[in-house]
Amino acid sequence: MKQKLTWFFAATSSIGLAILALAIAGCSTAALSKGGNADESGKPAVAVAKPARTGGAELWGRNCGHCHNIRSPASYSDAQWEVVMLHMRVRANLTADEHKEILAFLKSAH
Amino acid sequence: MNPIIALIVACAIASATSVGLAQDQTNTDKFVSKEDYLKLKEDHDKLKQELDALKSQIQEVLKKTASPESEAVKAQMQDLQKKELARQAETDQALDDLEKQVKTAKQMAKDSFPGSTKMLIGGYGSATFTATSSGYGPAQPLPPDDRNGHNFFTATLNPFLLWKLSDRLLFEGELELELEGSETSTALEMAQMSYLVNDYITVGAGKFLNPMDYFVERQHMAWVNKLPDKPLAVYDGLLAESLLGLQVRGAIPAGPTKFGYAFYIANAPSLNVDTNDLGLGTFEFDNFDNLGNHVAVGGRIGFYPLPELEIGYGFQFAGVGPSGTDVNANFHSVDLSYVRELAWMKGAINLHAQWVWSLVDRPSASSLPGLQFPNDRDGGYVQLAYRPTKIEIPFLSNLEPVLRYDVVDQRKTPVGFDEHRWTVGLDYWLSPSTVAKLAYEWDRQNGSGENGRAFMLQFAVGF
Chain A
1 MKQKLTWFFA ATSSIGLAIL ALAIAGCSTA ALSKGGNADE SGKPAVAVAK PARTGGAELW
61 GRNCGHCHNI RSPASYSDAQ WEVVMLHMRV RANLTADEHK EILAFLKSAH
Chain B
1 MNPIIALIVA CAIASATSVG LAQDQTNTDK FVSKEDYLKL KEDHDKLKQE LDALKSQIQE
61 VLKKTASPES EAVKAQMQDL QKKELARQAE TDQALDDLEK QVKTAKQMAK DSFPGSTKML
121 IGGYGSATFT ATSSGYGPAQ PLPPDDRNGH NFFTATLNPF LLWKLSDRLL FEGELELELE
181 GSETSTALEM AQMSYLVNDY ITVGAGKFLN PMDYFVERQH MAWVNKLPDK PLAVYDGLLA
241 ESLLGLQVRG AIPAGPTKFG YAFYIANAPS LNVDTNDLGL GTFEFDNFDN LGNHVAVGGR
301 IGFYPLPELE IGYGFQFAGV GPSGTDVNAN FHSVDLSYVR ELAWMKGAIN LHAQWVWSLV
361 DRPSASSLPG LQFPNDRDGG YVQLAYRPTK IEIPFLSNLE PVLRYDVVDQ RKTPVGFDEH
421 RWTVGLDYWL SPSTVAKLAY EWDRQNGSGE NGRAFMLQFA VGF
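Keeping their order, the protein sequence lines are chains A and B. For the first sequence, the residue numbers in the numbering used here are 1 to 110. For the second sequence, the residue numbers in the numbering used here are 1 to 463.
No wet-lab data here; the hints were simulated from the structure. These numbers were taken from a predicted model, which means no experiment stands behind them.
Heads up, simulated BS3-like pairs for lysine-lysine below, C-alpha to C-alpha not over 25 Å straight-line:
1. Lys207/B to Lys230/B
2. Lys46/B to Lys34/B
3. Lys100/B to Lys107/A
4. Lys48/B to Lys34/B
5. Lys103/B to Lys107/A
6. Lys346/B to Lys390/B
7. Lys106/B to Lys107/A
8. Lys107/A to Lys118/B
Selected chain B positions facing chain A (Cβ under 8 Å, derived; list incomplete):
9. Lys164
10. Glu172
11. Ser194
12. Arg249
13. Ala251
14. Lys258
15. Gly260
16. Pro307
17. Glu310
18. Ser433
The following label-pair restraints were derived from C-beta to C-beta distances:
19. Glu58/A to Ala109/B: 30 to 36 Å
20. Glu58/A to Gly181/B: 43 to 49 Å
21. Pro73/A to Leu85/B: 36 to 42 Å
22. Phe288/B to Gly55/A: 42 to 48 Å
23. Pro73/A to Glu84/B: 38 to 44 Å
24. Glu58/A to Asp326/B: 47 to 53 Å
Every residue gets a Cβ at the ideal spot worked out from N, C-alpha and C, and that includes glycine.
For reference, chain A alone in the conformation it holds in the complex:
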């Protein structure tokens, strides 16, 4: 039973990883073609410019509120929010667009 379960999880994770690798490869190519990789230009690694599907306020409430109560935008200064949002982008796996939209909202809301 244990072996079957192990094989099941191993197979599932392998397929998942393969799909993910393909997705990353595809998306990375797309990002490069749009100038999303800023290594050469030295510009900040911010989101590829795309029209936001939802506003920063909604993304803020949805992503942050998923784990904890949302803090007031006035809790931190713009500079502090930049640090906090970089931390949360890594911790909570925010997309680049989400990071950009939420940060823009927080800066504009206080």
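Here the structure of chain A is known, so what remains is to put chain B in place on it, guided by the hints.
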């Protein structure tokens, strides 16, 4: 002759006479003498000349007086208007400049506060009072030596430091200080450097929270966790809390939703093979000396089928036996979280669930004869909370009742029992990151275990 008749006749004669005289006069006016005519013509010409002269004088006067003055007035008015507009524009510009200067000064003042530029010091802390009945003693995964009922206080402080070295580079460090009884323990919770390679990939190195364990990464902080204690199995239980190694993580948009991922290579846990220890078959996760010389590989993939719902699967594979043995362990975790504000419920529901497995190979009898038992454990928790955020009575909208069921099954291992707990709690939110928690817990341990209850009161704050 009658006098009346005489009078009438006299009037008639007088009338006739006057008519005749009038006719004579009329006839005389029809004819003007040449002299009169010439005189009249001369008068007429004279009057005409005088009128023309008067007209020309009026025109000259009008030209001389009225026109230049009105032009001058017009010009003066226009000039004044222009000056007024220019003055208004200057005033507006000055106000705008002043507003910008005030805003800049305000921001500079804010930015001059310690730790508010590229570096941020934050953290969280808690103070907890616990009263237990006899028999209470959660197994995480080992039961405590003492199961006597007692009352005690604990206090924790987890300061963390975030340092944004550039737009791509971040350092995160966190300490954990805990006072329990008369002893204070200190530990390095995490110390990690992260680099954003591009929009989809971030690379990290150092000591980091276990990415495969949803509760550890997202929920264990005292001001985030809605109950005073943590669920069995998922925290200091069947999975590592933190790892030392490398990780690659990020998020990939997928239409209206997204995937989150994290994969890592890190230190492997060390299997306890001491046959005289109740912990036989359990793990020392903080195996930073890398006993056994193994490496763990793992990760987690999270997916949002709905904006409010995240489901995730985490895994880790590692060799865990002492050097020279071939014992592998597989760890798996599935998690679900659903957080949504519902108008008809006048509030928000918060559902979190996670189940984990720890599956260890049975070694050959010749290499590890003491480990010839099914060394598999599993457990998890389900937690539901509701906060009436839409009720416009502050006291009620700050309350949040919580219900949790958690379990760990180790009946087939030397520990010898499975443990089930029900916990009810009531939180009062003093601010978004400050909470007072009250909880009561029923702990039921089957097999060789005991039963117990606990009352907990905790204050927690995130800063």
